[in-house]
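The listed protein sequences correspond, in order, to chains A and B. In case it helps, my numbering puts the first sequence at residues 1 to 360. In case it helps, my numbering puts the second sequence at residues 361 to 960.
To be clear, the hints were calculated from the coordinates, so they are not data collected in a lab. There may be inaccurate statements among the hints.
Unchecked claim - Here are the simulated distance ranges between beta carbons: (1) A:A222 x B:S944: 34 to 44 angstroms; (2) B:K931 x A:H125: 56 to 66 angstroms; (3) B:E934 x A:A321: 50 to 60 angstroms; (4) A:A291 x B:D723: 54 to 64 angstroms; (5) B:K931 x A:A321: 21 to 31 angstroms; (6) A:K331 x B:E877: 21 to 31 angstroms.
Note that beta-carbon positions come from the ideal geometry of N, C-alpha and C, so glycine has one too.
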Amino acid sequence: MTLGIYLHIPFCFQKCNYCDFYSLGCSRSVPQEYIDALRREIARWKQKESWRRPATVYFGGGTPSLLNARQLEALLDALEPLPDAEITLEANPGTADAAKLRDFRTAGANRLSVGVQSASDASLHRLGRIHTAAESRTMLQNAAAAGFENISGDVMLALPEYSVKELYDTLELLCGCGVKHISSYLLKIEPGTPFGKSPPQGLPDEDAAADFYLACVEECAARGFAQYEISNFALPGYESRHNLCYWNCQDYLGIGPAAHSCIGSRRFCYPADTAAFIAGAQPVPDGECTAEDFILLQLRLAKGLSLAELQGRWGVSFSAAQQAFLRRCEKNGLAALDGDRIRLTPRGLLVQNSILCNLV
Amino acid sequence: MDQSKIRNFCIIAHIDHGKSTLADRILQLTEAVDDREMYDQVLDDMELEQERGITIKARAVNMLYRADDGEEYQLNLIDTPGHVDFGYEVSRSLAACEGAVLVVDATQGVEAQTLANTYMALEHDLEIVPILNKIDLPSAECDRVAQEVEDVIGLPCMDAPRVSAKTGLNVKDVLEAVVRDVPAPAGDPDAPLQALIFDSIYDSYKGVIVYVRVVNGRVKAGDTIRMMETGCEFDVVNVGHMGALQLAPCAELSAGEVGYITASIKNVRDTRVGDTVTLANDPCDEPLPGYRKVTPMVFCGVFPADGARYGDLRDALEKLQLNDASLSFEPETSTALGFGFRCGFLGLLHLEIITMRLEREFDLDLVTTAPSVEYHFTLTDGGKTVVYNPTDFPDPAKVATAEEPYVNAHIYTPTDYVGSLMELCQDRRGIFIDMKYMDATRVDLHYELPLGEIIYDFFDCIKSRSRGYASYDYEIKEYKASKLVRLDLLLNGESVDALSLIVHADKAYDRGRRLAEKLKENIPRQLFEIPIQAAIGGRVIARETVKAMRKDVLAKCYGGDITRKKKLLEKQKEGKKKMRQLGSVEVPSEAFTAVLKLDS
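Just chain A, with the same shape it has in the complex (with noise of 0.2 angstroms):
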């Protein structure tokens, strides 16, 4: 089986007011004692037995586009990935410039993935992003001029005052750009961000924001964009590699705090604490990979569940009442079943929760 190996990067700029990932603000660099912790906790899995190449590596963050090239090379030196390897940074606008992004594809990485979000820069300014929509532009055209061919855009929707228009101005910037790849997501108000403390006005309600999402899905498609994941759509061949890795239950190594790992089906993570890790903490265990784990991951994908997987790798099979209400929803167009598959449609993946709390 395949290794992914995700490297957490948690310095921002500046947060964000929806963001409640774990990140320190006010950083413009990515101090040399971390990328030294990181090294250390490379090298001492290293000598585990269940170490191998690495097939992907996911530069995620925080910010990793605070990196310098240097020390992006010094990661992957120690992380030997495999010679085909998809090598993939987060970059944010405003964070790197042509020769930045030069000297990074220069370093080994082969896949960008930036934080466009929007086209309108009123957006992005309720947001709490540094950038405007020209620099998003410009960090894309300076990502395919450094010779980065696989990039992918983040597009965020159902913002407040949120229109059609500027979903389609977004996905016309992503594409006039040449990206592959579009990963979509609807603003969650998270409790704790200063959206949560204070959320902002005219926000969509619940069946306004559903109508952006499947808005997005039909535009995607019709730009050649088959979605792939909830939130994830690609040009043929352009998937995320290390993403699906998560999907799909197969091992991966995150390293950095709060970093989440699953090898061979027990899960452990770092503690969210960067001075701690820093220190020398070690992860913690989070539990094991269930079959409700491999059900919920793969409901998450266009390609659906495999009923033959499920038993197979699990030993686990619906019950009558699980599939008369999986029919049901095959008949509210929630769903649709295909012998050994089920999948969600567009309008149940939207719902996926509520599914799954029938499943699991």
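Fit chain B to the given chain A structure using the hints.
Leaving out everything else, chain B in the frame of chain A:
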């Protein structure tokens, strides 16, 4: 005890006129409670009574008081509830007294229950001692209110004590008036024992404690007593007086005294309130006149939210019934809610108090159904049937006549609100009887109203339409012919028995429409669309739809953090368990009580 030195009295008042506060001051003045032990509303020791500032149960307390004439008197004060629902408690207390202190709020004047309680006291031939309370407040109008008492009630009041129970000002005058004006009890201590049971409570150590007023004869430890109505006999373990905070045993209770008897009695049902206690070996000839038996007026289904706790609910109801004979219950089965009980209450406040006590004192989560009254039907074959559960509604084709209970209601209100209140009564199918001016600014609005129309939210409506100034009181009058139908609610095409109601035919359409709307507000969107229908017989009269849920997804499963998603799902599943599964529809417990809150 020298009978001439005994005074048995109660305090009657409209709610919030300061009855319990006055009782507190009297207890302090007579040193029945010392200052160290004092807290507000000593006699309202039930948690709910304290919290809501109301008296639910009657209490009796014995005090010694040295009056200005130099003599020491034994005072027995019986505290009584003020709310209209608990009128029967008042009536029991009155029968144990010779006098009643009538507390009138000097800032408010005569209110509905001031009159109702006064009339009840007069029926029991009690001497009434009026006092004006709250004279410390700047808005007190002592002379005007005293005049009002004289005009409306016909009691001399100009020389009545004017006190502030809150500050303690002139409270001693109240006791002097009691000693002077309330007659000493009459009764022959040497005649055969006749003692009236006016209350009983269950104590897990002593068994049932019976509160009695000894009318004739005497009783002491070791006597064998007989309950004349139930015929049960018991050996007296102890007799004594009720202190404010504990029982004080004494050698014997004799004619004229108020006190308690313990006799290892296991079951409160053996000691019916209103029964006469006599001695087994020297019985009296006649029982004392008892009370009207308390009959529940309002019924509703009470179900445990968790079906596994049915047994706990039954135990809890049994325990509450020990101290509250007015609570009745019998098993009920609902397709929607499973096993529970159909309970009978005195009124909506009583219902609310009991369900709150069940939830708090017994840690139960309950689902209650819409309250109903008792309807009478005469069938085409001449048979008669009584229905207090909508599921028992007879086949409409076989109903010859239907009747529902009416009450005599008096609403006391400033004239400004008469129009709005008459509109309310009209809307509740009230029959206008008359309107009397109590003075230039206040009227007594007299209506006959169907009980079924006032058990939901009538009191709240009166309060809101009169900005809190109007008060009301009612008594059950009689059954009158009515056109009744059963209104059913259907979810996803299936009738939900727990949501059925018996309503007047003319109001069915309106009620059905509002119920359907209310349910729509209370049922969260689910995966599939839910049609809500209100129907009479097979005819649908209103329809609403709970639209299917559109968005319920954790779109970002970041960095392989699956645990977070699983925790969210767990939480969602927990929430689902708290809902009632009716077929394929999940209904939150609150939806069943939402029908209670149909404001007009």
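Cβ-Cβ distance between A:A291 and B:D723: within 54 to 64 angstroms?
violated, 36 angstroms
Please test the hint of 50 to 60 angstroms on the beta carbon pair from B:E934 and A:A321.
violated, 19 angstroms
Kindly confirm whether 56 to 66 angstroms is satisfied by the beta carbon distance between B:K931 and A:H125.
34 angstroms Cβ-Cβ, so the 56 to 66 angstroms window is violated.
Does the hinted range 34 to 44 angstroms hold for A:A222 and B:S944 at CB?
holds, 36 angstroms
Given the range 21 to 31 angstroms, decide if the beta-carbon distance of B:K931 to A:A321 lies inside it.
With Cβ atoms ~22 angstroms apart, the hint holds.
Within 21 to 31 angstroms or not, the Cβ separation of A:K331 and B:E877?
holds, 28 angstroms
Checked against the numbered hints given earlier, the structure breaks hints 2, 3, 4 and satisfies all the rest.
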